[in-house]
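> Here is how the chains run, residue by residue.
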Amino acid sequence: MDRPHRPEARAGDQHRLLSVAAAGHALASDFWSLCLWRMLLALEKHQGLRACSRASPADAVAPARTRARASSVRVPVLGAMIAPWVVVPLMSQIGWRAAFVVTAASGLCWLAGWFLLTRTENEALGPQPMKLLSGTNAGRLRWGSFGVWAAVLAIFFTVPPTVFVTYFLPRFLETSHAVSQQEMPRWLWQVPLVTDIGQILGGLAASALLGARLELSWFPAGSSC
Amino acid sequence: MPGGAVAGRAEIMKLFDQTGDPRHDRHERVVHQGTFNAAPPSAAAGIVALQRIAGGGPTREADRLAESLRDSWDKVLEHHGIAGYVYGPASTFHVYFETNPERPGRQDEPAGTAHQRSQAPQGQPGTLINQYQRHLRYRGVDIMSSTGGVPLCAHTEEDMPGPPLPSRRRDRAARGRADPILVDGGCMSWRAVGLVGLLMLAATLGYVDRQAVVAVSPTLIEEFDLTNQMWGWTNSAFSLVYIFGSVLEACGSTASA
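Chains as they are written, first to last, in my numbering: chain A, 1 to 225; chain B, 1001 to 1257.
Hints should not be assumed to be uniformly reliable.
Unchecked claim - Incomplete in silico selection of chain B near chain A, CB under 10 angstroms:
id, residue
1, Q1033
2, D1209
3, Q1211
4, T1219
Hint data in this document are derived by calculation from the structure and do not stem from the laboratory.
Predicted model, so just to flag it, every value in this text is computed and none were measured.
Beta carbons: idealized from backbone N, C-alpha and C, even for Gly.
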């Protein structure tokens, strides 16, 4: 019998470290220290968020045939949409350094909830969702496969424009349209919204294509004799 | 091409004959045609098998296994509230799924009536049978016939399904192990909902952490006196570590896979 899985160690540690790096932005004092904290955040983010987002309903609980469609309903972009609405008012009230600490501290609340739900061994979960969480089920990446390079090319051409617009939109709004810091949230949430819509449509299209292919390979069933 | 012949006393061989009498030919005649029926190895195996079952032991064992299978399977249907029953004489079993909601339910049914009703079961939809067979094959069982089968004396208790799990909790556990979908009667359990909700929240909080710097960027740029190039490099620092960290991890996963 498979042993019940207790995922709190890895997922919890990653989120705690992620929050520490995010809170560390409050200590930035110049260009170089800001770069340092951004790098530390990325160092943990590529693991922590991957574990969390991969274990979204799509991968953890959705049947294989609907996984592409379910993947489109992931919610990370929701964080990008609400971030300006949360951070800017906080900054106005308590300053930008404290705003970083408060938003990062929300991870501790999350950690408390995670601990409550996973403090006991949970045999009903089984190994598969927890494998997704722990990241131990990483599939073998075949660098020569068409799918890998198709994904790399798609990311190469689509992510840079999105990142550029996301990071430089506040600068553009401020210098070209005299939008104040307090007015910024009204505009900043729209980029991730459009990104998410594209992601949903892409997920639906991928699901439709995947479904059609699976139907073709579905073995014919019937009485043998 | 091997060849063979089946020979025997006239009164026995007559059992194979078609007489033209529809009742005899359909219900009384012994059917003997088959691809390997007269091949020497089949004939030799048949002789040995007949010698072994002459004492009745293997037949009784097959009957006992079939009875055990019918009983266990029927309990599984009852346990899951599936309208249907398992029946069959000797070493056979047939599974009947009720698809007509107007027929009486089985809860108030006196013992024994299931078999009586089975004498004239309504036809089961072909799609249902296909799905049933498909799911059995997925679990390594090919019954080769509509919904029934024939346990043999070669089968053992290990080949037979066990009784339904005693508690609903264990039932959920078994399904959770067998399937990544954490469901309870078609719905996710409250715990699965909570975990999925927390994971979604974690992803959301992660992006808040990541995008907070964008929201306060005008202030940061002014306070640290950053040029456009420096601001670009600040975010490139994040992206470069993110990209190379992911690639290194993917390589690590590939190496350890």
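> Hints first: check each against the structure and report whether it holds.
Here's how the hints hold up against the structure:
no., hint, result
1, Q1033, "violated (13 angstroms)"
2, D1209, "holds (4 angstroms)"
3, Q1211, "holds (4 angstroms)"
4, T1219, "holds (5 angstroms)"
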